[in-house]
Amino acid sequence: MKTILSKEQLALTIKRLANQILENHPQLQNTVIIGLQPRGIFLSDRIVQELQKLVDPSAIQYGKLDITFYRDDVRKSLHIASNTNIPFSIENKKVILVDDVLYTGRTIRAALDALLDYGRPSKVALCVLVDRRFSRELPIQPDYLGKAIDTIFSQRVTVLWNENDENEQVMLLDN
Amino acid sequence: MKLSTKHLLGIKHLLPEDIKLILSTAAQFKEVLQRPVKKVPSLRDVTIVNLFYENSTRTRMSFELAERRLSADVLNFAASSSSAAKGETLLDTVNNILSMKVDLVVMRHSASGAPHFLAQHIPAAIVNAGDGINEHPTQALLDAFSMQEKFGSLEGLKVAIIGDIMHSRVALSNMYLLQKMGAEVTVAGPPTLIPKYISEALGVRVEYNLKKALQWCDVANVLRIQLERQNQPLFSSLREYSLTYGINKKLLESLGKEMVIMHPGPINRGVELDSDVADGSSSIILNQVENGVAVRMAVLYLLANREN
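Going down the list, the protein sequences come from chains A and B. Residue 134 in our numbering is what sits at position 134 of the first sequence, and the numbering runs on without skipping anything. Residue 148 in our numbering is what sits at position 148 of the second sequence, and the numbering runs on without skipping anything.
No wet-lab data here; the hints were simulated from the structure. Please note: incorrect hints may appear among the correct ones.
[To be verified] A few chain B residues that face chain A, going by a derived Cβ cut-off under 10 Å, partial list only:
1. Leu3
2. Thr5
3. Lys39
4. Leu70
5. Leu255
6. Asp279
7. Gly280
8. Ile285
[Stated by the list, open to error] Pairwise CB distance ranges (calculated):
9. Asn162(A) / Ala111(B): 50 to 60 Å
10. Met1(B) / Thr158(A): 55 to 65 Å
11. Pro38(A) / Glu155(B): 40 to 50 Å
12. Glu155(B) / Asn85(A): 51 to 61 Å
All C-beta atoms, glycine included, are put in the ideal place defined by N, C-alpha and C.
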């Protein structure tokens, strides 16, 4: 077991991600943030909190997307869906998808399919906290990245959040 | 988490956790149905046959739409236009269909227990879409979903089921489900249409006076008078039934309270419900129909996704 990001590093990383998003999307004009259920929304909540300090909070459009029904492994195991709530149109918007860990890329593939059922965004970017590079099964890369790490299949990356886990850090576990 | 059962044959043997899982999954599918693209790819490798040995418009369309919204392949079978009319047995028909690699069977039959019989003989998962005078589980689930949507919870809710309790599979499934979820149930109707020992057997209250039942309840689920199911007349005339057990606006207003009116359809307008009630502000009848698709999507999704 190894800590990849401590609580303090995590807070700094989230601040940086928020600033990088703003760098490319001034005042978040025509831009929406969409967190992926269930674990990605802890990160997207934090990023949105940071963004609220930096731009007019009323300008921030923030939604949550559940991709359960779009998974490619539905017949292998049963997944229970969480809430989806996208209370605005994404037509011609720039969408920033937010998830905690990028691993095989299959979740993001499903998220893109799900997203396109809501309309046709002009651009989709991906923001993740941890990139397990070299483990990808699909050609998907992050645009905003907290930290890239090298892992093997038997290892697991866990992101803990105060709201949910009463602790806050990113950890690498050996199984 | 998954369902405790392989088939949905009735509400009777479901656990409260199963019902909660179906209703919460249905809520997610209801959101899917509000999207510009009202379709998800979940069951695109699943084939479903709708086996209808009894006429149905709403239930069959609702199931078929739910299946298509899940991207399943759909086969339709109506007994009236098939080899069943030539004398083929139920089991033969189904085995022939299953040899075409069908994963799920949605079935309506006029014989109570037909889907239970089939479940013992075939490997596919079965969803009961109404069997004789036994159960109609998806109707009870969509009724519960609609009530939960309106009231937030079923716990402690007072529901009156009114009409032909004797011949209604909707009534039986509703009684099981509502009581499992902590609601109170009163059945109301003419004594000839309410089974004699129902309160001992099922733990529901019985009320022969319509106004008293309405006074008591938060929700009235009004059943259709099923003339085609009665071999002998159990009340003297439709007009008499309507005068004693029909619900109209004047009656509702005389209660001096808000309540919700439900009906599984099709409505006999002017018999059990007057148009001013069926189309009035207390009616959630069309919400029930809308919710039916989401609830059936949830049932099919949860049964099709099995880990073996």
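Results for each hint:
no. : hint                              : result
1   : Leu3                              : holds (9 Å)
2   : Thr5                              : violated (13 Å)
3   : Lys39                             : holds (7 Å)
4   : Leu70                             : holds (8 Å)
5   : Leu255                            : violated (37 Å)
6   : Asp279                            : violated (30 Å)
7   : Gly280                            : violated (31 Å)
8   : Ile285                            : violated (27 Å)
9   : Asn162(A) / Ala111(B): 50 to 60 Å : holds (58 Å)
10  : Met1(B) / Thr158(A): 55 to 65 Å   : violated (21 Å)
11  : Pro38(A) / Glu155(B): 40 to 50 Å  : violated (26 Å)
12  : Glu155(B) / Asn85(A): 51 to 61 Å  : violated (25 Å)
Violated hints for the displayed structure, listed by number in ascending order: 2, 5, 6, 7, 8, 10, 11 and 12.
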